[in-house]
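Engineer: Okay, here's what each chain looks like letter by letter:
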Amino acid sequence: MSTIIQRPSLIAMFAFMLIFLFAVPQFTEIYIINNLTVFAVMATMALSLALVWGFGGILSLGHSVFFGIGGYAYAIAVLNTGDSTFPILLGILLPVLLACLLGYFMFYGRISDIYLAVITLTVSLICYHLIVSTSGGQWRIGKAAIGGYNGIPGLPPINLPGDPSQRLGFVGKYYLAIAVMFAAYFFIRWLLETRFGRVTVSIRENETRSELLGYDVRAYKLAVYAIGAGLAGLAGVLYANWGGFISPVVFNIFFTAQIIVWVMVGGLGTLVGPMLAAVAIQYLVTVLGAAATSEIKAAVTIFGFKLELKNFLDSNIVLGMIFIVFTLFIPKGVVPFIRDRIEQARAAKIHQPGGPDAGP
Amino acid sequence: MDFAGIIVIQVLFAVASLALISLGLAIIFGMMRVINFAHGEFLMMGGFTTLMLFNAGVNLWVSMFVAAPLIVGVFGLVVERLIVRPLYGRLFETVLATWGLSLLMIGIASVTVGYYEASMKVPFGSVTIGDYTESGYTFFVIGLAIVILIGAYVGLRYTQFGLLARGTMQNPEMAASLGVNISRVYATTFFVGSALSGLAGAVLTPLVSVSPVIGFSYIARAFITVIGGGAVALTGTITASGLFGSVSQVVAFITTPVVGEVALLVTAIVLIRLMPEGITGRFLRRGL
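Chains as they are written, first to last, in the numbering used here: chain A, 1 to 360; chain B, 361 to 648.
The hints are simulated quantities; they were obtained by calculation from the structure and are not laboratory data.
Glycine included, every Cβ here is placed at the ideal spot set by N, Cα and C.
Among the clues, some could well be false.
Simulated restraints, written as ranges between beta carbons of each label pair [said to hold, decoys possible]:
hint	chain 1	residue 1	chain 2	residue 2	range
1	B	V568	A	G136	39 to 49 Å
2	B	R544	A	A345	39 to 49 Å
3	A	K349	B	F521	49 to 59 Å
4	B	F521	A	L10	26 to 36 Å
5	B	G515	A	L93	37 to 47 Å
Chain B with its partners taken away, still in its complex shape (with noise of 0.2 Å):
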């Protein structure tokens, strides 16, 4: 019972992670059918920004939760402007100029904080159930997960913004012509990515070494949750971190992490043979 109660958990928190991870980027390209290959460096640049003030004496959550995601949203309006906006409409480039973007910073990165040692103490503590123990952190993160999906959900059902994001996005010409501001919406659009990504990042760096190419151990997934759960931004990340996150932990569980993660791999690729436009694409199409 105890070591179910564990699996429970641990599956929970597989899905809630992958909810994090993958939520500003589905946010992004829902919205603005942007790929942003940098994924994995935004939540990097958010877990070197929370562990670095940590380190500097700034309280841990002021640097998680306001500090991370103020500086790599600001961030993603900069690159929103510099680089996607100049390529917007054209697929290909975007993705490669992003590219780009990804292993321009992991080389900065590389050169400027390089690997840094300090790592952090997990807050929180543990939990014992029955003979297991679990970190206090884990349910930290499952809960964060779901305020944040319930934000979002918020913000894009009931806010002004919120509106004009969901016109812009069903068509973009009707919304500029009735007066939207649509460029602004995209930019608006990207900075809620971005930080969110910061917030993912700077949320996991108590559970990981943040390394320069620490974007490599969350793209895949990210970017295979995204492309499962299709274009409908919040419902597809849910549903579809839901199916991954169970399958991937479940086989990690039985076999090794990597495995788990190939079996993620090969559940997308067929899940994509059979719903080419991800989840959403065929189900909960009028999601959010």
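The following block holds chain A by itself, in its conformation from the complex (with noise of 0.2 Å):
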């Protein structure tokens, strides 16, 4: 936090938003007071992986396995108690399990790090093909029926601990997530402050060093995956509550690829850049949802199969647009990036011929 001390420009900055941020409901509609709260939510979940993987150097390509097994741990406790206190906690606590569980195996067996993708990818497939066959009424857990590819609906939401009748409404929800948002943003930005957060940066950077001064590297890397998986649950969680809903569309593969696709677009090892993506590719994804359900067809005849473009702004092309010429030219990420071009500009300031040091 110390960096943000000493610019006082972003300290203003950072008020003016929160300001701002929590008067919005008293200006806008419901509509977009909803949209905001998801926004808060996903750039949670961006944070999470951006600890994972920004600074943690685990590429945990199945992150939204977390998120899912949060939102239904949610789900099904809440459909069976009543009162969220003991649900939320059990959101939270169940994907950190499951990451301790599949981190023991991981770290433990020292597998390399493509193996790690591979495998974190695998299980969030799997659980997606485990949660669609739970389709039949017999796939029951108390009085949640999980309901297959139709997910559960129905939530009932947040509600203040102890006392059920007191729920969240829309905007005691956007209050929620702006809120956990910024408290899991300064949590991130402590820990990585505090020697943990050092001796897990100093791990991405050089794994063998790291170990030879002495340091348990599994173990770090077990918990830094842990808690990024807490914290993925809990979003998982605020998310289920926003919607009164959940269904296995969390553990798919587009949903963890626009996970991945936040961080690597804001920035490996920054904060902000994955929290403004997030809002932004979310943004571009509702926008095109939107488009996909209106009429934007053409045909084109090839070698005599005609082929119907249903709508060429498919989200899954502008995805797979984005991961590919990010990972081709701006691999950095945009903060960093412009992070970069800022330094240069000033560097060929300074280093202007008859500059201050201009060398011979």
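Dock chain to chain to rebuild the complex, using the hints, since each chain is given by itself in its own frame.
Structural biologist: So, in structure tokens, the structure goes:
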């Protein structure tokens, strides 16, 4: 946090943003508040992967699995208990447990990064298949039917601890999501300042060296992975709370790909970047989703096959293009890219011929 | 007795189809240390090619054994040149770029062919074993997998290209300094791997309903097989698909296919804890 305190302009900007976000419900309609709520949830999710991948160096491709399990744990528990306090805790705890279990096998097995990426993605894919297969009425846990592809509808919103009659409305959900997002941001900033955070970053920079300095690399990686999973679970809880609904879509490959895109586009090793990218890309996907239902059609005939272009702004095409273009041309992401450009411009000014330190 | 026979055939079929869908991926991974995340979509492309050509009146076997491997192989060459080669040696970036390609291909497939409704009749009719019947195509897939694996063995063991490819895999710098054009070896490897994926997608076409997202039903299993098998492509594929195919098929028999898939995943995770570099990282390291 020291960097923020050193820059007054940043404090002013931050304060302005905070006031603006808290004032939003005063002058906008429910629809916009609702959208902003889910943006905040997604930004929280982006923070989770920004920590695990950007600072922990763990390419967890199937990160949505923790989001999904958090959401499902909350949904099933809240339908059974009615009070939301315990389900929220469960929605954080279960992903942490899964991360510890999975992490034990992966980090203590010392598998290579590429294997880790593949395994995490596969876990997410198989969770998707598993949940989709639970469509029959016999698949229920207590009072909650898991519902297969259709998911679990009609979840009650979060209530005041111990008082199920006091439930959050749209505005309440909005404030909660915003508060959690900021809390998560500052929590990670704090974590990175601690000894633990510094060791984690050093492991990302050079695993062998950290190990030779006596740090148990496996334990640190497991811990940062578990913390990220808990945060992702919390985001999943808020997501289920937001729509009153959870479905296996949260486990599918498009959602997990989106999370990766947020962090990659925003910039590895930054926190603000992935948050902003999450909001921007979520907005883009919402717009494209709306466009997909409208009729943008064209037909092309190639070699006698008549191909109907249903809507060529398909969100997969856009996501895929972002992936390829960014990895090939802006691999560091937008925020570091801009930072580098600014620093280059500054350096160019200093190193001008005849400038203060013009070399021979 | 008949029931036991059916189980054996089903397990063999599970192993064979696992080997088929993984071999292309495994060859590319083994030779180039590149995991092609668009592998499922390469299979999808093979499937669509076969289906569309067949419905346009082309002979089934021509579209399956000639057109699909060729088209997907050439597509693989283009992908290697444009996406894989600029990122060679950077594993993370290759994963991300090929994953982007995967999404792009799904998007393009759903925008163009979409949910193509046509399917085809399964060739060869059925075979009766006691009280049970089994599709003749099952035997065809098992036989084909054996032929392809033997073909890959012969190709790697006895041909000029196989020798160069193995040399390049063991020590790229040394191979290059001895005058091997390693870019060309990589390109050819990618072509062969993609063509095999196209062929696998094509061969499975009569058994599945091809759609833009069909890749998902393949890749989880293919990834696990390749990782479980390790870096030695052929031996790894055979051993891992033998192990995982049997486990998942037996569990699927007792419960449901989805639980079989979960059992496959759990087996794989336990396996990599014990052998972090896959089966061939510990045993049979000198295989092909």
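Engineer: Now tell me, hint by hint, if it's right for this structure.
Structural biologist: Right, here's what the structure says about each hint:
1. About 23 Å separates the C-beta atoms of V568(B) and G136(A), a value inconsistent with the hinted range of 39 to 49 Å.
2. Here the CB-CB span from R544(B) to A345(A) is close to 42 Å, well matched to the stated 39 to 49 Å.
3. Between K349(A) and F521(B) the Cβ separation comes to about 55 Å, which falls inside the hinted range of 49 to 59 Å.
4. For the pair F521(B) and L10(A), the beta carbons lie near 59 Å from each other, so the given range of 26 to 36 Å is not met.
5. Here the CB-CB span from G515(B) to L93(A) is close to 52 Å, at odds with the stated 37 to 47 Å.
Violated hints for the displayed structure, listed by number in ascending order: 1, 4 and 5.
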